[in-house]
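Number of protein chains: 2
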Amino acid sequence: MTDATSTQVQLASRPTGWPTADNFSIVRVELDDLAPGEVRVVNDFISVDPYMRGRMNDVKSYTPPYVLGETMTGGAVGRVVASASDAVTVGDTVVHQLGWRDVAQGDAAGFRVVPQIPGVPSSAYLGVLGMTALTAYVGLLEIAHLREGDTVFVSGAAGAVGSMVGQIARLKGASRVIGSAGTAEKVALLTERYGFDAAFNYKDAPVMDQLAQAAPDGIDVYFDNVGGDHLEAALAAFNDGGRAALCGAISEYNETGPAAGPRNMANIVTRGLMLQGFTVGNYTQHFPAFMADMTEWLTAGKVVFDETVVDGIENSVEAFLGLMRGENTGKMVVRTTPQD
Amino acid sequence: MTDATSTQVQLASRPTGWPTADNFSIVRVELDDLAPGEVRVVNDFISVDPYMRGRMNDVKSYTPPYVLGETMTGGAVGRVVASASDAVTVGDTVVHQLGWRDVAQGDAAGFRVVPQIPGVPSSAYLGVLGMTALTAYVGLLEIAHLREGDTVFVSGAAGAVGSMVGQIARLKGASRVIGSAGTAEKVALLTERYGFDAAFNYKDAPVMDQLAQAAPDGIDVYFDNVGGDHLEAALAAFNDGGRAALCGAISEYNETGPAAGPRNMANIVTRGLMLQGFTVGNYTQHFPAFMADMTEWLTAGKVVFDETVVDGIENSVEAFLGLMRGENTGKMVVRTTPQD
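If you read the sequences in order, they're chains A and B.
Taking the numbering used here, the leading residue of the first sequence gets 8, the next gets one more, and so forth.
Taking the numbering used here, the leading residue of the second sequence gets 8, the next gets one more, and so forth.
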C-alpha cells in the first residue's frame, strides 16, 4: 500500500536567528511493517506552533531540542489506516505528536482517539479543541487567576491562542478585553469577530501609549504571547495586584542575542504584581474541564475560531515561517492529504 | 516640660539620584497641648528603611510621597510621656509610624502598646519583632510558598530583612540557604552567625557565576532585595517551578534612569517560574502567626539578630544614607534619646 511511504520534514542544521528553508530537508521514508501494538495513521493536518522555534536550538528546555537529521515532531491529527492494537480501530480519528510527516506510525499508546464532530473539521483538535485553546484556558484561569470584572490585555490576540484568550476571558467574566495584533485586518477581526472591546496595531505607535489609551483604568490580567515591549507596556498599565500569564515571547524567538527585560520591573514590587510562566504540558489535568466548557461554548455558538490552512507537507516549513512572521489568522495548520 | 519640643526631619527638596544632606532640613517644633484622645511619646528608636527612598520621589506608589516641607514618617518605638486617652498609659512602650522625630504626638489609635521583654531592647520592635522580620516571613511563606527541602537564595542577606530570610527559611524546612552581601565581613557573618550554607560577595565576580557555583543543583526560591544582576542570576539558576518573592531593588533606588530588566526573562516561560512582588503592608493579617513563631524562636535562641545603631535624631539622614550604601549589618536604627 502507498501509505507505507511517509514524507517527513527533518532539521538539517540549526538556525541562527530566522530559520530558512535551508535549515530543513524533506525526506521520503519507507515504513516498516506494523509491529504488535503499533498503528499507522494518515495525517489530515499537522500543527506548526511558535514553541517549535525553541526546539530548533540546541538548548535544554522543557521540551528536548529537535535532533539534527531526524524527523521533527509536533501535534497532528489523522485517520488510522492500519492497526495492530486492540485499542485503536482502522477509521478512528486520532490526535498525536508525530507531526511534520504525512504518514505516522508508532505505538498505539501515543495516539488518542477522538470523536468526529459533524460540521467541525478534525483540524479543530489542533486548535479550539486541543492544546492551543487549552493553553488559553489554563493561562487565564490557573495562572492569571482571572476574576469577575477584570480588565484583560492579550498580545498576539489574533493568533490561535490569543483569539481564544479574548473569548474565554469574556465567557469567564472579564469586564473588558483588549488585544494587540500586527495588521489592520487583524485588529478589525478582534473587535468585529472575536468580541474584543478594544484593539490596536502594535506597529502604529508605541505599545505603552496605545495600551494606556485602550485601558484608561488600567489592566488586571495580561496574557503574554509576545514579550519585549508588550510586557513592558503591561507592567506600566497594571493595577495593584495585577497578574500576568507568560505564555511565549514570539518577538524574541529569532533574536540572536538575549533581549533586555522590561525597564519597569520595579512596578512588580510597588504594585504587588505576579508574573508566572507556564507551558501547557504541565497542566493537562485541566483538559476535561476545558473540554466540557469548550464543547458547550462551541455548541452554543459562543466561540468562533479561524484557521489558516497551508496545503501540502512540502510547504510545512513555509507555513512555520509564515507563522513566525504573523501571516496567520487563528490556528496555522498544514493539510497533509491531497484534496481529491 | 521639655518634651513639648520635638526635633524633626523634613524633606526640603526631592533628591535626583543619591540623596544628600541638602535634601533635608532639621526643624524644632513646639508641640500643642494634648487634645482629647491624643498621646505624646518620646521615641527611643526610629527606623530607616530602603523603601523610604521611593517616598522621596514625587511618584504615586503604594505609600504616598513625602510632602516637601513636612516632617517625614516611618516606623518608631518609644515611651508614652503624656496621655489624654484611656487606651494608652504613661510609661507604656508603643510602636507607631511617627518616626523621623524625637518626640511624637497624635491620636492614640496610631500607637500600638507592646510588652517590654526583659533582655530585648525596644528597637527589636522595628526589626526582629516588627515589620522587618514580618517582611521576611511573609515573603518566604505567603509569596514564595517555601516548601520543605527547597534551596533558597537571598540577596542583601546581611541586611535586616535578608538575615531574617535566611534563618526563617532554615527554620521552615529549607535544605540549603545561600546569601549574597557586599563585604567580606558580611559574607563571613552569613555563614558563621546566621547559619547560611553558602555566601558570596557580589562585588568579587559576576553574581551569575558565583550563584551557579554556590547552587550547583539550582535554586527553588529567590528572595530579592536587590534587583538588577541579582535577579538575572536567580532567573538563570532557577529550577523548574522556581518562585521569587520580589521585596525590593536597592541597587536601583538611586538610579536616575530606568534600569533594563533581566535579559533572561524567557526562562520564566520555559521553566514555569513565578515572580511576585509584595509590600508587607498588604500582609499584616499574618502578624499574629509571625509573632507566635518569632517569639518561640527568640525564646529558644533559634534566631539571632543584629542592629546597627546611629545615635541622635540629627544624624538620622546620615543613617539613612549609610543604609543605602550598605553600611549596616542587620537592622539600621537611630537612637533618638540621649544616653545619660
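Worth flagging that the hints you see were computed from the coordinates, not collected in a lab.
It cannot be assumed that every hint is accurate.
Since copy identity is lost for identical chains, a pair holds within one copy or between any two.
[Claimed, not checked] When the alpha-carbon atoms are kept at most 20 Å apart in a straight line, the in silico EDC-like pairs for lysine to aspartate or glutamate are as follows:
#, residue 1, residue 2
1, Lys-210, Glu-259
2, Lys-179, Asp-211
3, Lys-67, Asp-224
4, Lys-67, Asp-40
5, Lys-67, Asp-216
6, Lys-67, Asp-247
7, Lys-179, Asp-40
8, Lys-179, Asp-93
Hints, verified against the model:
no., hint, in the structure
1, Lys-210 - Glu-259, "within (16 Å within a copy, 31 Å between copies)"
2, Lys-179 - Asp-211, "neither (30 Å within a copy, 51 Å between copies)"
3, Lys-67 - Asp-224, "between (41 Å within a copy, 15 Å between copies)"
4, Lys-67 - Asp-40, "neither (34 Å within a copy, 70 Å between copies)"
5, Lys-67 - Asp-216, "between (37 Å within a copy, 19 Å between copies)"
6, Lys-67 - Asp-247, "between (35 Å within a copy, 12 Å between copies)"
7, Lys-179 - Asp-40, "neither (49 Å within a copy, 58 Å between copies)"
8, Lys-179 - Asp-93, "neither (40 Å within a copy, 51 Å between copies)"
Checked against the numbered hints given earlier, the structure breaks hints 2, 4, 7 and 8 and satisfies all the rest.
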